[in-house]
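Participant: Okay, here's what each chain looks like letter by letter:
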Amino acid sequence: MKILVTAKRVEDPESKIKVKPDGSGIVQEGLKYKINPFDEIGVEEGLRLVAKHQGEVVVVSIGGKEVQEQLRHALAMGAHRAVWVNHTGPLDQLGIAGLLQKVTEKEKPDLVILGKQSIDDDQNQVGQYLAEFLGWGQATFASKVESMESEQEKNKVPALTVTADGKAVRVIREVDNGLATLECQLPAVVTTDLRLNTPRYASLPGIMKAKSKPIEELTPEKLGVDVTPKIQIVKLSSPPARKAGIKVPDVATLVDKLRNEAKVV
Amino acid sequence: MPIVLIVAEQQPDGHLRKASLNAITAGKQLADKAGAELHIALIGKDPAKVADELKGTGAKAVHVGAAPELEHYLAETYAPVLATLATELKADYVGMASTAQGKDLLPRLAARLKAAMATDVTGLNGSGADITFNRPMWAGNVFAEVKLTTPVKVFTVRATEFAAAGTGEGAAEVKAFAPKVEASKTKFVEFKEVKSARPELTEAKVVISGGRGTKGDFKEIEALADELGAAVGASRAVCDAGWVPNDLQVGQTGKVVAPSLYIAAGISGAIQHLAGMKSSKTIVAINKDAEAPIFQVADYGIVADLFKVLPELRSELQKLK
Ligand SMILES: Cc1cc2nc3c(=O)[nH]c(=O)nc-3n(C[C@H](O)[C@H](O)[C@H](O)COP(=O)(O)OP(=O)(O)OC[C@H]3O[C@@H](n4cnc5c(N)ncnc54)[C@H](O)[C@@H]3O)c2cc1C
Ligand SMILES: Nc1ncnc2c1ncn2[C@@H]1O[C@H](COP(=O)(O)O)[C@@H](O)[C@H]1O
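Which chain is which? The protein sequence lines are H and Z, in order.
For reference, each letter of the first sequence is one residue, going 1 to 265 in my numbering.
For reference, each letter of the second sequence is one residue, going 266 to 586 in my numbering.
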C-alpha cells in the first residue's frame, strides 16, 4: 500500500499569535513552528497502515525551504521519503489542492491522508478540494470510537481499516450528533480528526535515519500549476478582547449576580 | 440580478438542522449588500416537508430536489447535484452553515464550481460586487477580512454570529427539480447517533461544560444542566479520554457555542477551548487554580473545588423557584 501524507508547517499551537499593527500579517518574532497537529496524526495513521499492509509512506509539504524541518520530522517518525514543493509567497487552498493533485497523479498512491484543517488558516478545505479534483472518494474527520486511553490505543490498532479484499477503506467519521461510517473505494482521500490516534515520538535512531532519507524538490512551475491566490487577505485584526470580570467569594454571591446583574437565571 | 444560494440541511432524523436558519440570515445580509436575490436549496430523499418550513424565511425561491439515492448524505452525491443547480441558477454566491456536513460538502462543491471559499464566516462587508468576508484564523486569535476573486464564491457561516431567520415572512416559491445523481465511489455504512434528552449544544441558551478537573465524573454537571434546562459541553481533554461523546467538544476543532450563560467547570481555558465559547453572553468559571486563564474571559469566577460548588449552585438555584 502506498500512502501519501501531508505535513504543513504551522505555528506551535501553544504560541501566542499577535497581529502586526498595520494588519498586514502576524508578528513572526519568537514563534516556534511545528508540523500541523492534524497532519502529524495523518503521518501516524499512514505508518500504522503500512506496518500492517506493507508499502510506503511518502510525505509532502508545500512552502519555502524551512518546511524541510517538518518533512524531516515526518521522516524521523518513520515516513520513507519526502516531496518538497518549493514555493514562497502566499498560497490559498485552491493552489495547494492543485499542487497536491499533481503530486498525487505523479506518485499514484492508494490513499492520501491530510489533516482536516490547518491550525493557522483553519479553512478545513484542502482534502475535499483534492478529492474532487482527482475524482476520488472522500472521508473527512476520521476518528475512532474507542477512548484514547483504551487498550486498543495502547496496542496501536489502526482505526482506519482496509477491507478484506484490499480494495477499500472503512472510516469512522466524527459528525454532528454521532459517528458515521463510510466505505471508500481506493484510491481515496481521508482527512484526520484529533481522536484518530496519538502520534508516536520520533526516536533517536529515527532522527538519525531521517537525515539520509531522500527529499525530492519540485516547484509549481515544474508541476504546471498556477498558484495565483484567489483568496486575498485584505486585513488581519485582533478580536475585541473580552474584559476579565470579577471573582466572587461564594455561591450565594454568584447566584445573586447571575440573577440581578447578568439576568441569566 | 446576482444570486445568493444558501444550502439548507436536513438532519438524519428528517428535521431541519437549525443552523440552516442562521445561514439564511447571513444569506439575506449578503443579498442586501450585493443587491442580489436570495434562493435556498434543499436536497434529500424526502425534503418536501422541510422545504415547506423554509417558505417563510424571506427567500425568493426554495429549490427542492428529491431522489431515493440521496437518502444518506455523501459529499460525492450531494456536491454534483448542488453544483448543477448553482450553475443553472447562475448563482454568484453559494453558502451553508458551518456544520459537520457544511464543512465536508462545501469545499467539494466549491472545487466543482472552480470557486474560492471562506470557512466559518462571522461577518460581511462592502456592497455591490465589492464584498468581503470576515473569518477567524489561528483559533480565533486573529480575524481576517478576505476577498474571494473567483466568479463564483463559496462560504460557510458560523451560526453563532447570525440570528436565526424567522419562518413567517413572505412566501417563497417552492420549485421542485429532478436531481441527476452520479454513482459514488463511497458507500454509506452506518450512522450511530448519540442520543441525548438535553437540548442541542449549539442551540441551548445555557451550556455547562466540564473539563479534566471533573476527572470524568459528570454527574454534578449533568444534574445542574437538568436543573437549568441546559446542554452539556466538554473540553478536548474530556472527549479524548472517552469520558463523554466527541460530539460535546467545544472549541477550535469542536463546536462553537454562544449561549446566554456558559459555565466552565474544571476547564483551564486553553486558547483552543476559548475559540469555541468566547462569544457567550455571560461566562462563569469554576476552577481551583486562581491563575487559570479561563478567569481572563469569565464575567464571574469562583476559585473553588467544582465538586463543592456545583451541588451548592444547584440547591441555590432551586431555592429561586
Ligand atoms: C490542534 C489542537 C486543537 C485543539 N482543539 C481543542 C478544542 O476544540 N477544544 C478544547 O477544549 N481543547 C482543544 N485543544 C486542547 C487544548 O489545548 C487543551 O489541552 C484542553 O482544552 C485542556 O482541557 P481542560 O481545560 O479540560 O484540561 P486542563 O488544561 O488539564 O485543565 C484542567 C483544569 O481543571 C482544574 N481543576 C482540577 N481539579 C479541579 C477541581 N476539583 N475543581 C475545580 N477545578 C479543578 C485545574 O486547575 C485546571 O485548570 C486543542 C489542542 C490542539 C493542539
Ligand atoms: N502548505 C501545505 N503543505 C502541505 N499540506 C498542506 C499545506 N496546506 C494545507 N495542507 C493540508 O491541507 C489540510 C487542510 O488545510 P486547510 O484547508 O488549509 O485547513 C492540512 O491539514 C494539510 O494536511
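Hints were generated in silico from the structure; no laboratory data involved.
For glycine and all other residues, C-beta sits at the position ideal for the given N, C-alpha and C.
Mixed in with the good hints, there may be bad ones.
Stated by the list, open to error - Okay, derived cross-link-like pairs now, SDA-like style, lysine to any residue, Cα gap no bigger than 25 Å in a straight line: (1) H:16 / Z:447; (2) Z:310 / H:20; (3) H:16 / Z:298; (4) H:257 / Z:470; (5) H:257 / Z:408; (6) Z:452 / Z:523; (7) Z:584 / H:252; (8) H:18 / Z:556; (9) H:257 / Z:523; (10) H:263 / Z:488; (11) H:20 / Z:561; (12) Z:283 / H:178; (13) Z:546 / H:239; (14) H:263 / Z:394; (15) H:247 / Z:412; (16) Z:450 / H:232; (17) H:34 / Z:412; (18) Z:412 / H:232; (19) Z:298 / Z:452; (20) H:235 / Z:426; (21) Z:379 / H:162; (22) H:230 / Z:390; (23) Z:584 / H:246; (24) H:167 / Z:447; (25) Z:543 / H:253.
As the list claims (entries may be wrong) - To list a few chain H residues with every Cβ distance to chain Z over 10 Å, as calculated: (26) 33; (27) 107; (28) 131; (29) 193; (30) 203; (31) 220; (32) 242; (33) 250.
Participant: Looking at residue 203 of chain H again, its CB stays over 10 Å from all of chain Z?
Facilitator: The assertion about residue 203 of chain H holds, with a minimum of 24 Å to chain Z.
Participant: Are the Cα atoms of residue 20 of chain H and residue 561 of chain Z separated by 25 Å or less?
Facilitator: Roughly 23 Å separates the two Cα atoms, so the pair holds.
Participant: Between residue 283 of chain Z and residue 178 of chain H, does the CA-CA distance stay at or below 25 Å?
Facilitator: holds (17 Å)
Participant: Given the hint that residue 257 of chain H pairs with residue 408 of chain Z, test it: the Cα-Cα distance must not exceed 25 Å.
Facilitator: violated (32 Å)
Participant: Beyond 10 Å from every chain Z Cβ: check whether that's true for residue 33 of chain H.
Facilitator: Its Cβ never comes within 10 Å of chain Z, the nearest being 13 Å, so this holds.
Participant: Within 25 Å, alpha carbon to alpha carbon, are residue 167 of chain H and residue 447 of chain Z?
Facilitator: Status holds; Cα separation ~20 Å.
Participant: Take a quick look at residue 250 of chain H and tell me if its Cβ sits farther than 10 Å from every Cβ on chain Z, holds or violated.
Facilitator: violated (8 Å)
Participant: Can we trust that residue 193 of chain H is non-interface, i.e. its beta-carbon lies farther than 10 Å from all of chain Z?
Facilitator: violated (7 Å)
Participant: Check whether the Cα positions of residue 16 of chain H and residue 447 of chain Z lie no farther apart than 25 Å.
Facilitator: violated (46 Å)
Participant: Please work out if residue 230 of chain H and residue 390 of chain Z have their alpha carbons no farther apart than 25 Å.
Facilitator: holds (18 Å)
Participant: Does residue 584 of chain Z pair with residue 252 of chain H here, judged by a C-alpha cut-off of 25 Å?
Facilitator: holds (11 Å)
Participant: If you draw a straight line from the CA of residue 452 of chain Z to the CA of residue 523 of chain Z, is it 25 Å or shorter?
Facilitator: violated (35 Å)
Violated hints, listed in ascending order, are 1, 2, 3, 5, 6, 14, 15, 16, 17, 19, 21, 28, 29, 32, 33; each of the other numbered hints is respected by the structure.
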